[in-house]
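Those sequence lines, one after another, are chains A and B. When the letters of the first sequence are read in order and numbered with the numbering used here, they come out as residues 1 to 113. When the letters of the second sequence are read in order and numbered with the numbering used here, they come out as residues 1 to 113.
A couple of the hints might just be wrong.
What the hints assert, rightly or not - Straight line, CA to CA, 25 Å or less: simulated SDA-like cross-link-like pairs of lysine to any residue: (1) B/100 x B/28; (2) B/100 x A/13; (3) A/57 x B/25; (4) B/100 x A/47.
Unchecked claim - Now the stretches of chain A that chain B is said to cover, found in silico as 3 or more residues with beta-carbon under 8 Å: (5) 68–78; (6) 95–108.
These aren't lab readings, by the way, just hints derived from the structure by calculation. Virtual Cβ for every residue (Gly too), placed ideally from N, Cα, C.
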Amino acid sequence: EPEVTQTPSHQVTQMGQEVILRCVPISNHLYFYWYRQILGQKVEFLVSFYNNEISEKSEIFDDQFSVERPDGSNFTLKIRSTKLEDSAMYFCASMGRLEGEQFFGPGTRLTVL
Amino acid sequence: AQSVTQLGSHVSVSEGALVLLRCNYSSSVPPYLFWYVQYPNQGLQLLLKYTTGATLVKGINGFEAEFKKSETSFHLTKPSAHMSDAAEYFCAVTPSNDYKLSFGAGTTVTVRA
Numbered sequence: 001e002p003e004v005t006q007t008p009s010h011q012v013t014q015m016g017q018e019v020i021l022r023c024v025p026i027s028n029h030l031y032f033y034w035y036r037q038i039l040g041q042k043v044e045f046l047v048s049f050y051n052n053e054i055s056e057k058s059e060i061f062d063d064q065f066s067v068e069r070p071d072g073s074n075f076t077l078k079i080r081s082t083k084l085e086d087s088a089m090y091f092c093a094s095m096g097r098l099e100g101e102q103f104f105g106p107g108t109r110l111t112v113l
Numbered sequence: 001a002q003s004v005t006q007l008g009s010h011v012s013v014s015e016g017a018l019v020l021l022r023c024n025y026s027s028s029v030p031p032y033l034f035w036y037v038q039y040p041n042q043g044l045q046l047l048l049k050y051t052t053g054a055t056l057v058k059g060i061n062g063f064e065a066e067f068k069k070s071e072t073s074f075h076l077t078k079p080s081a082h083m084s085d086a087a088e089y090f091c092a093v094t095p096s097n098d099y100k101l102s103f104g105a106g107t108t109v110t111v112r113a
């Protein structure tokens, strides 16, 4: 059964460092998303991506964040200069069509020290 | 804007008993509604969804939910709990004109033998 994969499963970084979180969506999907969940809080929408551009982004998704689909298979989330408050579980999701289902990856736990 | 309220952060049921998880939503446009389940160290898995049509929707693992527009509710039920139902459950809403999911805070279900 096709699934969304994410690497790494856990990333530890120093404050101010850049991190790239990687996702491989389901191969024929067209819509891509990043969400995050700070420990003990709700899952929050970060950004949606379709047709090689951002469809919508939340107020969390500031200039420190960027997304890219560099090679038609990977979907990455970059944080340029991490802050302590970026520590969270980051989930990637993909969807094949409108009114379809968003399939979620297992998440990357980011710890900023 | 849309939001979700899940009543009860923790529900404990006996094996074989009814599982009832409550979800109320607010949405400025007709909503699409979802229930996701998260097992430890795994991603979010879709249990069921309501988009249009029949208001009683059946999902995987014996779960079902009913969309009640007048009550702005989408409660999740299962007639007979199984030990494998122990997990965290998230209700989510998205406007019918985009797919940015807004999640509730989640309800952790424990099942007593």
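Exercise. Checking against the hints above, which ones are violated?
Worked result: 2, 5
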